[in-house]
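S.K.: Next come the chains, spelled out residue by residue.
There are 2 protein chains.
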Amino acid sequence: MRYSEMHLPTAREIPSDAEVTSHQLMIRAGMIRKLTSGIYSYLPLGYRVIRKVEQIVREEMNRAGAQEVHLPMVQPVELWQESGRWIHYGKELLRFRDRHEREYCLGPTHEEVITDLIRNDIKTYRQLPRNLYQIQTKFRDEVRPRFGVMRCREFGMKDAYSYDADEAGAEKSYEKMFVAYNNIFNRCGLKFRPVEADSGSIGGKYSHEFMVMADSGEDAIVFCEKCAYAANLEKAEIGEPEKKNIAEKDWLSLESVHTPDACTIEEVSAFLKVKPQDIVKTLIYNADGKSCAVLIRGDQDVNEIKVKNYLGTAELELADEGMILKVTDAPRGFAGAVKINTRVIADYSVMNMINFVTGANKQDYHFKNVNIGRDFNVEAFIDLRVAQENDSCPRCGGKIKFARGIEVGHVFKLGTKYSKAMKAAFLDKDGQEKIMIMGCYGIGIGRTVAACIEQNFDENGIIWPMPLAPYQVIITPVNINEEEVMKASESIYASMLACGIEVILDDRDERAGVKFKDADLIGIPIRITVGQKNLAQGNIELKIRKTAENRLYPLQKIVEEVKALIDQELNPAA
Amino acid sequence: MRYSEMHLPTAREIPSDAEVTSHQLMIRAGMIRKLTSGIYSYLPLGYRVIRKVEQIVREEMNRAGAQEVHLPMVQPVELWQESGRWIHYGKELLRFRDRHEREYCLGPTHEEVITDLIRNDIKTYRQLPRNLYQIQTKFRDEVRPRFGVMRCREFGMKDAYSYDADEAGAEKSYEKMFVAYNNIFNRCGLKFRPVEADSGSIGGKYSHEFMVMADSGEDAIVFCEKCAYAANLEKAEIGEPEKKNIAEKDWLSLESVHTPDACTIEEVSAFLKVKPQDIVKTLIYNADGKSCAVLIRGDQDVNEIKVKNYLGTAELELADEGMILKVTDAPRGFAGAVKINTRVIADYSVMNMINFVTGANKQDYHFKNVNIGRDFNVEAFIDLRVAQENDSCPRCGGKIKFARGIEVGHVFKLGTKYSKAMKAAFLDKDGQEKIMIMGCYGIGIGRTVAACIEQNFDENGIIWPMPLAPYQVIITPVNINEEEVMKASESIYASMLACGIEVILDDRDERAGVKFKDADLIGIPIRITVGQKNLAQGNIELKIRKTAENRLYPLQKIVEEVKALIDQELNPAA
Chain H
2 MRYSEMHLPT AREIPSDAEV TSHQLMIRAG MIRKLTSGIY SYLPLGYRVI RKVEQIVREE
62 MNRAGAQEVH LPMVQPVELW QESGRWIHYG KELLRFRDRH EREYCLGPTH EEVITDLIRN
122 DIKTYRQLPR NLYQIQTKFR DEVRPRFGVM RCREFGMKDA YSYDADEAGA EKSYEKMFVA
182 YNNIFNRCGL KFRPVEADSG SIGGKYSHEF MVMADSGEDA IVFCEKCAYA ANLEKAEIGE
242 PEKKNIAEKD WLSLESVHTP DACTIEEVSA FLKVKPQDIV KTLIYNADGK SCAVLIRGDQ
302 DVNEIKVKNY LGTAELELAD EGMILKVTDA PRGFAGAVKI NTRVIADYSV MNMINFVTGA
362 NKQDYHFKNV NIGRDFNVEA FIDLRVAQEN DSCPRCGGKI KFARGIEVGH VFKLGTKYSK
422 AMKAAFLDKD GQEKIMIMGC YGIGIGRTVA ACIEQNFDEN GIIWPMPLAP YQVIITPVNI
482 NEEEVMKASE SIYASMLACG IEVILDDRDE RAGVKFKDAD LIGIPIRITV GQKNLAQGNI
542 ELKIRKTAEN RLYPLQKIVE EVKALIDQEL NPAA
Chain L
2 MRYSEMHLPT AREIPSDAEV TSHQLMIRAG MIRKLTSGIY SYLPLGYRVI RKVEQIVREE
62 MNRAGAQEVH LPMVQPVELW QESGRWIHYG KELLRFRDRH EREYCLGPTH EEVITDLIRN
122 DIKTYRQLPR NLYQIQTKFR DEVRPRFGVM RCREFGMKDA YSYDADEAGA EKSYEKMFVA
182 YNNIFNRCGL KFRPVEADSG SIGGKYSHEF MVMADSGEDA IVFCEKCAYA ANLEKAEIGE
242 PEKKNIAEKD WLSLESVHTP DACTIEEVSA FLKVKPQDIV KTLIYNADGK SCAVLIRGDQ
302 DVNEIKVKNY LGTAELELAD EGMILKVTDA PRGFAGAVKI NTRVIADYSV MNMINFVTGA
362 NKQDYHFKNV NIGRDFNVEA FIDLRVAQEN DSCPRCGGKI KFARGIEVGH VFKLGTKYSK
422 AMKAAFLDKD GQEKIMIMGC YGIGIGRTVA ACIEQNFDEN GIIWPMPLAP YQVIITPVNI
482 NEEEVMKASE SIYASMLACG IEVILDDRDE RAGVKFKDAD LIGIPIRITV GQKNLAQGNI
542 ELKIRKTAEN RLYPLQKIVE EVKALIDQEL NPAA
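One line per chain: the protein sequences are H and L, in this order. Just so you know, the numbering used here puts 72 at position 71 of the first sequence, and the rest follows in order with no gaps. Just so you know, the numbering used here puts 350 at position 349 of the second sequence, and the rest follows in order with no gaps.
Keep in mind that the hints were calculated from the coordinates and are not lab data. Please note that a few of the clues may not be correct.
The list cannot tell twin chains apart, which means a pair is met if one copy fits it or any two copies do.
In silico DSSO-like cross-links for lysine-lysine, where the CA-CA straight-line distance does not exceed 27 angstroms [as the list claims (entries may be wrong)]:
#	residue 1	residue 2
1	K139	K53
2	K363	K518
3	K421	K558
4	K227	K558
5	K35	K139
6	K35	K421
7	K173	K400
8	K369	K276
My request is simple: use the sequences and hints to build the entire structure.
M.R.: Set out below in structure tokens:
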């Protein structure tokens, strides 16, 4: 397209309300505009990138056997009551009434609607498996939208839902999506990792998040230096340490110490002149109304998701003063496992500790030289803590490293949570009625675009990987008032269009510097510069945005060279 | 795709709540499912057709120089207050509050949002003209949704908005869209007419509706037998009749007649034994609070839009008893123009009447032998009535005929209605600030699909024109348990996929009759039947859905023949 006719309002200034790079660059490059809090319009340049992601997603979903549908954004209350989420979803679910005072919500996700479709139309195992997907607008009334389209309220999402007759089928469906997601993000030209994620109370070990690696990412992820293990921080497992032989002869005598005003690990550590690693922290939790003491080494933090999963509870929170008093007979800050009145579980970090410090279940007192087996027992040693860098890998024992990422996709084995609640049943081979097994699979389209920018930019602007570039080439005549220059530019432009290259001709009457700055800002992978001097030698300059590499090609060769370059970037394997 | 894997739930029964053919067939063919009143899900087959229409729309919009954007569906109250439509839009505008109690609506259209975008980013005439479009979901809270996706609440729409620096530019932008719309509906394989439509209080003579011709259409349209004139009924103009020479000697004496209980044309006509054509109806209107008498021949109906346009009023309604009494000194039913106390305008139908009957402005009395020029005068004779079949064409004098259509598109010259209210200004060449001139252009995507079905079906189901067909070909092995039959079917299937034909292989273990019925119902243009008998002769049967024509081709030729047939239907001109 001719730049002069494009609606492409670029800006030099960094918008004051944009915190992250992708947000700043998407506004400066004329890709998006904010309408109101968490709600954005896509301008032509931005929407071209969106459509490229959508097309890749569509092709890979179809290849994996999924079929595209389109479900409504306005959803009736009845279905959400059936699934139980009308009550549980919270304020992110935007609810309203129509002119007849009937209640609806704006769809934040579509498990209810699609399960309703499926249960009405699928009656027998012969119709299974099914995987239906859509690329559609969602609305989640985020309390604090931020980072542009990265965490907004209205956004485009690919959501897929699979229905299977049995567990084996459901695993196969999951695996297909896992492969499709890898293909999608590879084809988008992104550096990413699928990481294990917690699947919470829904159960099932299959849940992966697809993380685009970027220092600015909201999510912390862990990965093993040696093997392929990767997980998000909350899921990150820690390998069981080797059990050391503890010689009872090394146990010192239990000692009660007066520790006035020392409650926290820091205070106790300073007061008793011991390291935090020599203290065992005792946290009392309220798990569905019942108490439980969790022991962990003083320098570590409890990962409550792990506690919750181990206990199998729906709700978990730190106990209030009342429960602490009941369990320890003391106020908060002096809990310890010796003679405590509740079940006790301990993190692996406590397993090999001897002669440690804990609270004495008595105000202003701690015990020294506490030893497990003599002074108290624990129900189990398990993995209950937040992973730290250099922890040992749960798979191979290698060292765990940290990185940051942006979640762009999530594949999830739902099991029968929705199909059971909504009675999505079918007749099996043997004529028995069974409940379908579901999976759900999401990709944030706009977020994928933003994540791509977070991974591909420099001080001059965006650097699009070829597969997502809104245009592949920009032709920049240095001076549009020079006849020869414009003749050559127009001829290259026409040839490129003819062979299907997505190209901008910057026909604006602006200084070359201004045009170069805009080309860099909007991140077009290949810039063709047509200048009087090179042209006199029959040459055209080609600049690669990513490497800043400059090459000269004969005018007659330039289109062919560019075409080859593009094809190579789009199909690196070929 | 293999039929056995497709999510394509067809049905033989006509759904009880579907009134029109397209609605019935879209449900029976597994294209759509109702979620709730006026809200539908598209199943895979239906969505494929939607995407075909979208693609044609997109290509033609791009070719016309429009640029694709994507605007939010959730829109803030402030913009609608600026345009004044927050108050005026009525209950079709679905309003709600978010978690922070801020007010929003679900976008039924996007003039406000796009004008806000444009006014922020366009500053000078150098950035004009612009035409931005989107294909996006709209919500209009229809009081009584009906006819499936034809008149529903949530629907997909292509909406485009043009901004120009001057009237000449705006006309050019309009003309481009007019051409693009003709291309779009032609490419969709539809029989349609662009008809002149009323542009109401917004002014400007440029407004056209694109009507797909179908007997079941909601809209009445008129067209000239001889010339290209076509309009919707409310806009349909009527040519000025020739003025006859009226000889005053033929005027009979005015006569007051007692007409007890005769108010309506029928009653007066029966009582006085005259034809309705000999009576002049006098209607008193309240036009923005002022009265006006409209005269029309007794057998004709007033087209209030024409009255409104002539008077240039915002609101027009029939006068209440009070105003009638004030103007005529009599109750409703006896109004006449003789000595009436208000302005008087008359439809052309009254122009050549003499010695006619009117009300006498006195209860239970009418006048006979009334004559214009002697008994009263009129301000103007103009076109004020609803067109009737055989009226004279306003362009060529030919005869007007009626037809029914379904509105699938509307091109509209908006002028400065929104740009003025929202201050969308730019600096002109001479440094003067000016207001942009807008046009807007809509196409109902789902409605286009439904309209296509209303125009293309028979008792067996849908008959897709090739450009909108969800699949171009269906291969029907007569018996999947015959090895040779399946071998040939699979080989044809693979060859067709390889050359880009959109094809279904009906690999279901069903009787041939069942498969044929489904193929007819879902309307696939070409059916390939692979049966043992023909195959023994090396032949394959090809059936054209539209004509029911059967042909035999050698197995080796079948793919090539089908490909040629498809190409010809997609590019009939080539």
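S.K.: State for each hint whether it applies.
M.R.: Each hint tested on the structure:
no.: 1; hint: K139 <-> K53; in the structure: both (19 angstroms within a copy, 23 angstroms between copies)
no.: 2; hint: K363 <-> K518; in the structure: neither (69 angstroms within a copy, 82 angstroms between copies)
no.: 3; hint: K421 <-> K558; in the structure: neither (64 angstroms within a copy, 52 angstroms between copies)
no.: 4; hint: K227 <-> K558; in the structure: neither (47 angstroms within a copy, 58 angstroms between copies)
no.: 5; hint: K35 <-> K139; in the structure: both (17 angstroms within a copy, 19 angstroms between copies)
no.: 6; hint: K35 <-> K421; in the structure: between (41 angstroms within a copy, 22 angstroms between copies)
no.: 7; hint: K173 <-> K400; in the structure: neither (31 angstroms within a copy, 68 angstroms between copies)
no.: 8; hint: K369 <-> K276; in the structure: within (13 angstroms within a copy, 117 angstroms between copies)
Of the numbered hints listed earlier, those contradicted by the structure are 2, 3, 4 and 7.
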